[in-house]
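A.B. asks: Can you build the whole structure from these sequences, using the hints too?
Below are the chains, spelled out letter by letter.
Protein chains: 2
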Amino acid sequence: MAQPIRFRQAASPLKASCQQCSLSNLCLPLAVEENDLGRLEEIVQQGRIYNRGEHIFDQSTPFRSCFAVKSGSVKTSIITEGGEEQVTGFFMPGELVGLDSMSGDAYACTAKALERTSVCEFPIDKLEELTGKLPDLQHHMFRLMGQEIQNSHQLALLLSKNTAEERIASLLLSLSSRFQRRRMSPTNFSLPMARNDIANFLGLAVETVSRVFTRFQNQGIIHARGREVELLDVEALQLVTREFSRQSCQQ
Amino acid sequence: MAQPIRFRQAASPLKASCQQCSLSNLCLPLAVEENDLGRLEEIVQQGRIYNRGEHIFDQSTPFRSCFAVKSGSVKTSIITEGGEEQVTGFFMPGELVGLDSMSGDAYACTAKALERTSVCEFPIDKLEELTGKLPDLQHHMFRLMGQEIQNSHQLALLLSKNTAEERIASLLLSLSSRFQRRRMSPTNFSLPMARNDIANFLGLAVETVSRVFTRFQNQGIIHARGREVELLDVEALQLVTREFSRQSCQQ
DNA sequence: GTAGTAAGTTGACTTGCATCAATTTGGATG
DNA sequence: CATCCAAATTGATGCAAGTCAACTTACTAC
Chain H
1 MAQPIRFRQA ASPLKASCQQ CSLSNLCLPL AVEENDLGRL EEIVQQGRIY NRGEHIFDQS
61 TPFRSCFAVK SGSVKTSIIT EGGEEQVTGF FMPGELVGLD SMSGDAYACT AKALERTSVC
121 EFPIDKLEEL TGKLPDLQHH MFRLMGQEIQ NSHQLALLLS KNTAEERIAS LLLSLSSRFQ
181 RRRMSPTNFS LPMARNDIAN FLGLAVETVS RVFTRFQNQG IIHARGREVE LLDVEALQLV
241 TREFSRQSCQ Q
Chain F
1 MAQPIRFRQA ASPLKASCQQ CSLSNLCLPL AVEENDLGRL EEIVQQGRIY NRGEHIFDQS
61 TPFRSCFAVK SGSVKTSIIT EGGEEQVTGF FMPGELVGLD SMSGDAYACT AKALERTSVC
121 EFPIDKLEEL TGKLPDLQHH MFRLMGQEIQ NSHQLALLLS KNTAEERIAS LLLSLSSRFQ
181 RRRMSPTNFS LPMARNDIAN FLGLAVETVS RVFTRFQNQG IIHARGREVE LLDVEALQLV
241 TREFSRQSCQ Q
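As given, the protein sequences belong to chains H and F, one line each in that order.
At position 153 of the first sequence (counting the first as 1) the number is 153 in this note's numbering, and the numbers step up by one without a gap.
At position 119 of the second sequence (counting the first as 1) the number is 119 in this note's numbering, and the numbers step up by one without a gap.
These are computed hints drawn from the structure, not numbers from a lab.
Identical chains share a label here; the pair holds if one copy fits it or two copies do between them.
Mimicking EDC-like on lysine to aspartate or glutamate, the simulated pairs with C-alpha atoms at most 20 angstroms apart in a straight line are:
#	residue 1	residue 2
1	133	36
2	126	136
3	126	36
4	161	81
5	70	54
6	70	42
7	161	84
C.D. replies: Next comes the structure, spelled out in structure tokens:
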């Protein structure tokens with residue numbers, strides 16, 4: 001083994017290489033010019049690896065950093081005073097976690113690793129300093145936050161207007177396209193989250209999620225076995241999500 | 001009348017004065033130092049006045065500006081392909097409308113004046129340019145957008161976990177505190193929106209909203225007559241919003 | 001004024017999903 | 001391989017809120 005090289009890497013173990021990262025077309029580097037990438041690398045810290053169930057940060061603790069998922073997946077949720085939990089999002093490699101906390105001094109939610117997960121950490125004060133210098137990066141941050149607002153509005157729409165079947169079909173299609181963008185099969189994937197998380201996220205009871213999964217399976221739309229899911233008829237799924245609108249148009 | 005002065009004003013009729021604005025402690029000027037206020041004034045445009053029902057911007061049209069409500073109030077909503085509407089927010093004086101559209105080239109929602117309303121317009125390209133120069137303003141924008149994400153998550157929580165009574169109590173309390181921050185009575189105000197908008201926003205049927213209002217009235221918690229609302233027992237309302245959590249603690 | 005329309009209220013009935021309860025499956029551990 | 005506990009499934013039942021329909025009130029315009 002090339003000792004000198006290992007030694008050099010060990011000398012700054014916390015630095016990550018955005019240039020060599022395979023996610024550079026999804027993550028923050030996407031918005032940074034080639035010759036500015038070094039400045040992004042200067043502020044990013046290689047986070048540690050989290051095992052399934054470990055917390056990356058906790059609601060109400062001091063807000064210090066946003067985190068980009070490098071591998072694995074993350075779920076965020078808010079907890080009410082009464083101990084009620086609401087899952088607010090699932091995050092895949094390349095996606096940025098913690099944007100909702102930019103409004104205050106404490107994290108607005110809790111982030112939990114759904115599986116063995118590694119992240120890159122962006123200290124928020126340094127990130128803000130850099131966005132002030134790189135207009136493209138600032139623009140990208142605004143875009144990401146705007147997208148986050150939209151996602152949440154879409155979730156609200158789903159929760160207030162759609163049936164259990166429509167909600168679950170929407171989630172499956174969302175996961176599908178996100179897997180696809182990461183060069184994984186859009187029809188054959190493993191759910192990173194438990195039925196419980198799906199239910200909580202979609203405002204349903206676990207039993208309802210289970211029932212809808214078996215109903216979809218009986219209709220030949222999907223094949224599900226535990227967390228392994230195969231989408232057999234994507235068009236049918238898309239049709240389900242539009243069921244509601246079709247009805248209101250037909251009358 | 002002092003003709004010369006009127007003439008001077010007419011020479012730049014589109015400029016607004018942030019320094020003299022009574023909302024400067026709520027709106028964007030909040031984050032700008034005294035001697036930088038001029039730079040904000042340079043980019044802000046005095047928008048026109050909108051009558052009830054008029055659109056300030058429309059979903060899918062090119063995204064150009066964010067708007068600060070100056071007087072009156074605004075509702076935003078997204079429309080699905082099927083024509084389904086979901087109200088995503090109500091905006092009061094000093095609040096910034098359009099942040100969710102920062103993610104793309106087109107407005108992500110439609111903004112409609114709920115009453116006679118005036119706004120200030122911030123062209124987005126100029127605003128981004130300025131935030132790049134004023135770190136405090138950039139920080140404030142991040143805060144506002146983070147807050148918007150959180151609001152939306154709170155709405156999702158409300159929609160997925162709370163009963164009709166809890167949702168309506170929450171909305172009334174939210175309006176109450178927002179009126180208070182604007183130095184208006186927190187217990188005696190006029191709802192800017194119709195029952196229909198409340199129902200849509202909270203994922204309920206109009207009939208349900210109506211029933212809950214009368215139920216609250218019979219319990220002596222509120223007094224409502226049309227859009228005029230008086231909160232008679234704020235503590236009782238707060239209790240309603242925590243009803244759910246109280247139950248899960250008792251068991 | 002009065003006609004006309006939209007907004008709001010109230011009641012009767014229906015339903016999708018939650019809840020409760022009982023199994024079954026699966027993964028982890030010694 | 002057996003044990004244990006959490007996760008997932010399936011069935012039976014109840015209820016909160018939706019839907020449909022009738023009526024009242026408020027607003028606008030002529």
